[in-house]
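K.L.:
So you can see what is in the structure, the chains are spelled out below.
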Amino acid sequence: MKLITAVVKPHRLDEVKTALQELGVHGLTVTEASGYGRQRGHTEVYRGAEYRVDLVPKVRIEVVVEDTEADAVIDTVVRAARTGKIGDGKVWAVPVDSVVRVRTGERGPDAL
Amino acid sequence: MQTVPILAPQAAAQTAGLDSGDTAWLLAATALVLLMTPGLALFYGGMVRTKSVLNMLLMSFVSIALVTVVWLVAGYSLAFGDDAFAGLIGDAGHLGMAGIGPDTLTGTVPTLLFSTFQLTFAMITAALISGAIADRTKFTAWLVFVPVWTLLVYVPVAHWVWGPDGWIAHSLGALDFAGGLVVEIASGASGLAVALVLGPRIGFKKDAMRPHSLPLVVLGAGLLWFGWLGFNGGSALAADGLAAAALLNTVVAGCTGLLGWLFVEQRRDGHPTTFGAASGAVAGLVAITPSCGTVAMPGAAVIGLAAGVVCSYAVAWKFRLHYDDSLDVVGVHFVGGVIGTLLIGLFATAAMTGGPRGLLYGGGAAQLGKQAVAVVCVAAYTFLVTYAIGKVIHRLMGFRASSEEEMTGLDQTLHAETAYDHGVLGHGAAQTPSPAPDRTKDRSPAE
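Line order of the protein sequences matches chains A and B. If you read the first sequence in the UniProt record's numbering, its first letter stands for residue 1, the second for the next number, and so on. If you read the second sequence in the UniProt record's numbering, its first letter stands for residue 1, the second for the next number, and so on.
Since the hints were made in silico from the structure, they are not lab data. Wrong hints could be hidden among the right ones.
[Said to hold, decoys possible] Cut-off 25 angstroms, straight-line C-alpha distance, at most; resulting in silico cross-link-like pairs (DSS-like, lysine-lysine):
| no. | chain 1 | residue 1 | chain 2 | residue 2 |
| --- | --- | --- | --- | --- |
| 1 | B | K205 | A | K17 |
| 2 | A | K90 | A | K17 |
| 3 | A | K17 | B | K206 |
| 4 | A | K17 | A | K85 |
| 5 | A | K2 | A | K17 |
| 6 | A | K90 | A | K2 |
All chains, full assembly: derive it from the sequences and hints.
P.N.:
Structure, rendered in structure tokens:
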């Protein structure tokens, strides 16, 4: 199993969610997040003063899927989240040792 | 306002002197009506989502300034100057308030005061339209729309109904005491027009889009009600019994509207809501606006109740007919305005109007017919002209914010502000100022 984490622009969340549902992904977790990547934030001017905004609002989407589905899920997220402009975000995957469904106690892929 | 002759300043000065009582009341009433537009800003601001509350407040607030400039330059003269053509528009004699000094009178009050009182009506009417296009309007386009709309839509209709020799009041004989046609139907029909030009919000009918702050909505409704006493009571243009009757009718109709809406919610949905109470009071106040100076108290109670009940259903039409009148300008102001204007035809009393009587007070159906003609004409004119203005602005500069701006929130993207900065990470623009900003870094906005 793989944990796929995507940090993307907040306004692309709906697109990503819809695309994953169409792919048949059963569940996901979304968190509001802040951060920066290569773009390193930006400066803004407000009321005559210049401000440095380092942490840009993002959403973090987490999905656990079977190994065979991981590439398809990553491709789907990337396609749905892309605007082509700076700050589109990142997607990565890490292996997951075990998963338990709390209600039934099922383990492994059955718990997904 | 029909009962008080609005005389040309020169004629007025000769036939009637200044009345200090009337003037004192109208000074106060003007201040009351001015407060309604910031009240409306809060009423609307509470209804939108957190990400565009400031934009919503600003659309109303900026209308105060925009309409004032337009009104003093040309609007007052074209609406209330001597009739220039067939009761359709005033002349250019008072452009820039030319020829009006402290001694010039309209009726028994200074013309400067009368024009300022009328100005506060024009402000809120323009601001009302913003509710139909909440959360998605390009702010710079709104800055263009408001002055153009005031001149091409509000000013002619105000002349027809209240101007010297305006055709609706003088040729047709329809009654509109404080603005059922000029304010409520005009803003409602115009709201529908621009809502159709802009199209629905992203996620309309899919996402809940619940009001983010009902306390703000109630505060706004309270300020509107408070100001409405000046709006309706002041429209008598005198400190007299008619003003008192209009004031009482305004209180009563707000109450029956509130109760009517809550009653429907209790029966239909099983729970009366705060939002419903605020909307119901406003619906009743809208409906009594044209009728407050033409009906007796029982008529006012029925008119308010009818508006509360009907509007509580009318606000759901947008989901079936798929027009995104986001904050129910059509469902409350248009529908309530039509109810109040038409019901004058049933409930008008001679004691209030000084002549015309409604169907239920022995006057036959004649007045009802006149009211209906006025409703259709004003609704058609305001809808069509506003739709044309909206289309032209949309073609020339775009009337709608980009989808990214809309989804991120107009507060942050158009105004670089957020209303509520609760996050510890400081998402908004209100960051700690950096002592020495490095200007060599990439300045393109991170998205």
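K.L.:
Are the hints correct? Go through all of them and say.
P.N.:
For each hint, the structure was consulted:
no., hint, in the structure
1, B/K205 to A/K17, "18 angstroms, holds"
2, A/K90 to A/K17, "16 angstroms, holds"
3, A/K17 to B/K206, "14 angstroms, holds"
4, A/K17 to A/K85, "20 angstroms, holds"
5, A/K2 to A/K17, "18 angstroms, holds"
6, A/K90 to A/K2, "16 angstroms, holds"
Every hint from the earlier list agrees with this structure, and none is contradicted.
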